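With the hints as constraints, model all of the structure from the sequences given.
Number of protein chains: 2
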Amino acid sequence: MGKLARGVAVIGAGMSKFGAFPDKTTRELFVEAFTEAVNSVDKGIETKEIEALFLGNFSNDIFEGQVHTGPLMADMVGVTPGPAMRIEDACASSGVAFRLGVLAVASGAHDVVCVGGVEKMTNLETSRVTDVLASAADATYEFPAGATFPGLYAEIANAHMKKYGTTVEQLRMVGIKNHENGALNPKAQFQSTIRDIMKSRIERARAKGLPVPSWKDEMDFLSDPMANPIVAWPLRLFDCSPITDGASAVILAAEEVARRFTDTPIHVIGTGQGSDSLALHDREEFTSLRAARIAAREAYRMAGLEPRDIQIAEVHDCFTIAEIVATEDLGFFKPGEGGRAVEEGLTRRNGEKPINTSGGLKAKGHPVGASGAAQVVEIWHQLRGEAGARQVPGVEVGLTHNVGGSGASCVVHIFRR
Amino acid sequence: MGKLARGVAVIGAGMSKFGAFPDKTTRELFVEAFTEAVNSVDKGIETKEIEALFLGNFSNDIFEGQVHTGPLMADMVGVTPGPAMRIEDACASSGVAFRLGVLAVASGAHDVVCVGGVEKMTNLETSRVTDVLASAADATYEFPAGATFPGLYAEIANAHMKKYGTTVEQLRMVGIKNHENGALNPKAQFQSTIRDIMKSRIERARAKGLPVPSWKDEMDFLSDPMANPIVAWPLRLFDCSPITDGASAVILAAEEVARRFTDTPIHVIGTGQGSDSLALHDREEFTSLRAARIAAREAYRMAGLEPRDIQIAEVHDCFTIAEIVATEDLGFFKPGEGGRAVEEGLTRRNGEKPINTSGGLKAKGHPVGASGAAQVVEIWHQLRGEAGARQVPGVEVGLTHNVGGSGASCVVHIFRR
Chain A
528 MGKLARGVAV IGAGMSKFGA FPDKTTRELF VEAFTEAVNS VDKGIETKEI
578 EALFLGNFSN DIFEGQVHTG PLMADMVGVT PGPAMRIEDA CASSGVAFRL
628 GVLAVASGAH DVVCVGGVEK MTNLETSRVT DVLASAADAT YEFPAGATFP
678 GLYAEIANAH MKKYGTTVEQ LRMVGIKNHE NGALNPKAQF QSTIRDIMKS
728 RIERARAKGL PVPSWKDEMD FLSDPMANPI VAWPLRLFDC SPITDGASAV
778 ILAAEEVARR FTDTPIHVIG TGQGSDSLAL HDREEFTSLR AARIAAREAY
828 RMAGLEPRDI QIAEVHDCFT IAEIVATEDL GFFKPGEGGR AVEEGLTRRN
878 GEKPINTSGG LKAKGHPVGA SGAAQVVEIW HQLRGEAGAR QVPGVEVGLT
928 HNVGGSGASC VVHIFRR
Chain B
528 MGKLARGVAV IGAGMSKFGA FPDKTTRELF VEAFTEAVNS VDKGIETKEI
578 EALFLGNFSN DIFEGQVHTG PLMADMVGVT PGPAMRIEDA CASSGVAFRL
628 GVLAVASGAH DVVCVGGVEK MTNLETSRVT DVLASAADAT YEFPAGATFP
678 GLYAEIANAH MKKYGTTVEQ LRMVGIKNHE NGALNPKAQF QSTIRDIMKS
728 RIERARAKGL PVPSWKDEMD FLSDPMANPI VAWPLRLFDC SPITDGASAV
778 ILAAEEVARR FTDTPIHVIG TGQGSDSLAL HDREEFTSLR AARIAAREAY
828 RMAGLEPRDI QIAEVHDCFT IAEIVATEDL GFFKPGEGGR AVEEGLTRRN
878 GEKPINTSGG LKAKGHPVGA SGAAQVVEIW HQLRGEAGAR QVPGVEVGLT
928 HNVGGSGASC VVHIFRR
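In order, the protein sequences belong to chains A and B. End of the first sequence = 944 in this note's numbering, gap-free, step of one. End of the second sequence = 944 in this note's numbering, gap-free, step of one.
It should be emphasised that the hints constitute simulated quantities derived from the structure, not laboratory data. These numbers come from a predicted model, not from an experiment. Heads up, a few of these hints could be off.
Any copy, or any two copies together, can satisfy a pair, since identical chains are not distinguished.
Unchecked claim - Computed list of lysine to aspartate or glutamate pairs in DMTMM-like fashion (alpha-carbon distance at most 25 angstroms, straight line):
no.: 1; residue 1: Lys575; residue 2: Glu811
no.: 2; residue 1: Lys551; residue 2: Asp658
no.: 3; residue 1: Lys743; residue 2: Glu870
no.: 4; residue 1: Lys530; residue 2: Asp638
Below, the structure is given as structure tokens:
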């Protein structure tokens with residue numbers, strides 16, 4: 528097991544604007560992403576050349592009352608009558624859809640396929656969204672006990688802080704960094720740095736004649752419980768990814784046909800996936816995700832690479848602590864050193880291991896079923912040198928890391944220009 | 528495209544009892560199916576040898592409030608920490624999961640995987656189940672207009688009757704046949720012929736001192752609007768598959784390792800999948816499903832076979848008309864001749880083309896996400912000569928045909944002993 532029968536490459540990628548779009552349906556969001564992906568194919572592609580659609584979606588069942596979204600989206604973009612299906616692995620849905628698209632092409636069944644993701648979450652009010660998301664945790668034991676994802680990740684954060692001395696400031700720095708990146712991403716839900724947000728709050732207070740806050744800097748702002756309220760200690764509002772509407776799409780081709788479409792394919796050189804118990808209380812440890820370690824090990828093995836070979840990565844920062852744990856699980860930093868790495872700036876765009884240059888789930892937004900494929904969109908842009916103001920110079924090897932639930936699913940992919 | 532890099536075989540198969548099980552969770556149902564599948568492997572298999580789980584499920588989101596069922600079920604049976612995911616294509620969910628499992632093994636990523644399906648529908652009352660199912664039709668146009676699946680399939684039935692002269696008696700004969708088969712299947716939800724049901728109603732009336740019905744035979748019984756009420760003309764109650772709880776599981780292996788597990792693997796020699804618009808009103812015709820024709824064409828091409836080569840088939844009889852259309856779409860009978868074929872007994876166990884020897888969705892039951900893989904379970908038993916009282920002698924080539932929605936998804940597989 529573990530060696531693909533033939534190579535697979537990304538030949539196109541696109542995403543919708545991420546944000547809150549009360550006037551758009553999932554169909555419209557997906558058409559937006561798909562159209563950009565098709566238009567990104569250097570030598571052009573006709574829709575009829577795309578043989579199948581692998582669609583990541585978490586729970587359109589509840590968010591929009593529409594199931595069977597695979598063929599629906601295929602019909603909207605013209606992949607019909609080709610195979611179309613929805614893949615669900617909570618927030619890892621389109622990362623897993625990407626893996627299945629890769630395997631389908633590698634198997635010989637298809638030469639060219641589309642992998643997409645879509646989620647429209649703002650139809651429901653926040654407390655209801657939190658409930659729906661919580662159904663990706665263990666609905667028999669965790670949810671009835673009152674656990675929702677902020678609480679579960681808070682447990683992970685507390686365990687990490689206790690075991691390794693990770694600090695709340697280090698958590699805040701993940702958010703500050705990712706907002707700095709998101710500010711440079713025109714598709715991001717939040718195109719503003721934490722400093723921008725702080726300044727606009729001060730200006731607003733002044734304009735309204737209210738008492739003007741005296742925040743010294745971002746960290747001071749993020750420590751103010753009025754500005755950044757506690758959600759589940761130690762996680763505050765700015766430690767949590769937002770509720771988002773959005774879609775993503777990438778086009779995959781067998782290596783043997785990829786050059787028909789582009790002279791700059793991005794090769795998928797490693798894929799790995801792992802699983803774990805849904806419930807946190809069934810795990811041996813809280814400070815590392817076994818599913819992520821399994822997924823990473825398999826992807827590295829297939830790629831013949833080690834963590835130090837990865838030049839850029841998009842990791843699953845649904846909460847700030849999740850990014851720190853991810854960078855440890857992926858072997859970028861030793862267990863317990865992820866927090867310090869952020870503090871030292873190693874994960875910034877100009878650091879030795881740039882993480883979440885897109886803004887990550889924190890600032891780019893987290894339309895759960897679309898996030899995994901959207902990570903691939905960022906790596907595609909970066910490895911092709913087309914990431915605009917947030918481009919990291921000269922990167923040729925990138926990685927994506929997409930988690931479902933509190934770590935019951937994880938899928939890792941490695942790409943080379 | 529279209530040639531698999533390596534061969535794949537079924538080496539084990541099992542299913543839970545189908546029926547209404549208020550005291551069982553999806554976890555318990557799936558463990559039941561998985562355990563039977565593992566125990567069916569002739570030379571034995573250890574759970575740790577099963578590398579991944581592809582789980583078909585329609586909407587556990589709503590039925591049980593639990594999403595992320597892939598890793599949950601993997602954890603229940605011991606496939607953790609291997610990859611696990613849920614696939615959704617409405618009622619074709621586990622048929623599509625089966626295809627993705629086949630492609631994953633063919634790709635070289637895995638040698639041995641489990642494909643399963645599970646659905647627990649009886650948690651909700653019937654009208655609510657009908658609503659949830661209707662979300663697999665077009666929720667923007669069809670559902671708000673009042674359409675549910677009995678109504679959509681009634682439109683198909685009316686069109687077929689008008690165009691080809693198919694009769695209501697022919698529809699009823701599909702149900703009579705499938706109940707005859709289900710009566711011989713210990714796993715079926717309804718283990719009784721229509722005649723058995725008719726007789727028990729007569730006895731019950733007599734025992735209660737009520738007026739005793741004077742039904743002459745099954746057809747007379749099925750024509751009585753008190754015994755068999757109209758759901759959506761021309762479909763009556765006994766034209767509709769039931770609401771069911773159940774699970775199914777099959778184990779797939781690469782041909783190169785299959786003999787380690789059994790001397791009688793069932794080879795997957797063809798796979799095909801197609802899609803179509805979700806909404807019936809967007810289709811060019813109602814009397815045939817384009818997705819089914821596309822799926823069948825691809826599966827036949829890959830297998831190098833023609834419809835006449837198929838000796839036995841499980842087809843998607845969610846409504847009696849669906850079986851008639853299926854046998855035409857698969858090329859077993861010419862368009863418009865499916866009804867007459869039933870009338871002439873060609874699709875009975877001793878006919879030239881035995882269809883739904885398991886009892887089909889009609890009598891075996893239809894736990895939607897489990898039905899596709901359960902079709903494979905029946906073909907596995909039949910091709911191995913282990914189908915007990917309902918065994919069709921000497922069959923070596925079989926087919927499964929699994930439909931999602933009113934035909935927006937269809938997946939076809941061909942098997943050889």
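Hint by hint, here is what the structure shows:
1. Lys575 - Glu811: Between copies only: 19 angstroms across chains, 48 angstroms inside a chain, cut-off 25 angstroms.
2. Lys551 - Asp658: For Lys551 and Asp658, both the intra-copy (23 angstroms) and inter-copy (24 angstroms) Cα distances are at most 25 angstroms.
3. Lys743 - Glu870: within (19 angstroms within a copy, 85 angstroms between copies)
4. Lys530 - Asp638: both (18 angstroms within a copy, 10 angstroms between copies)
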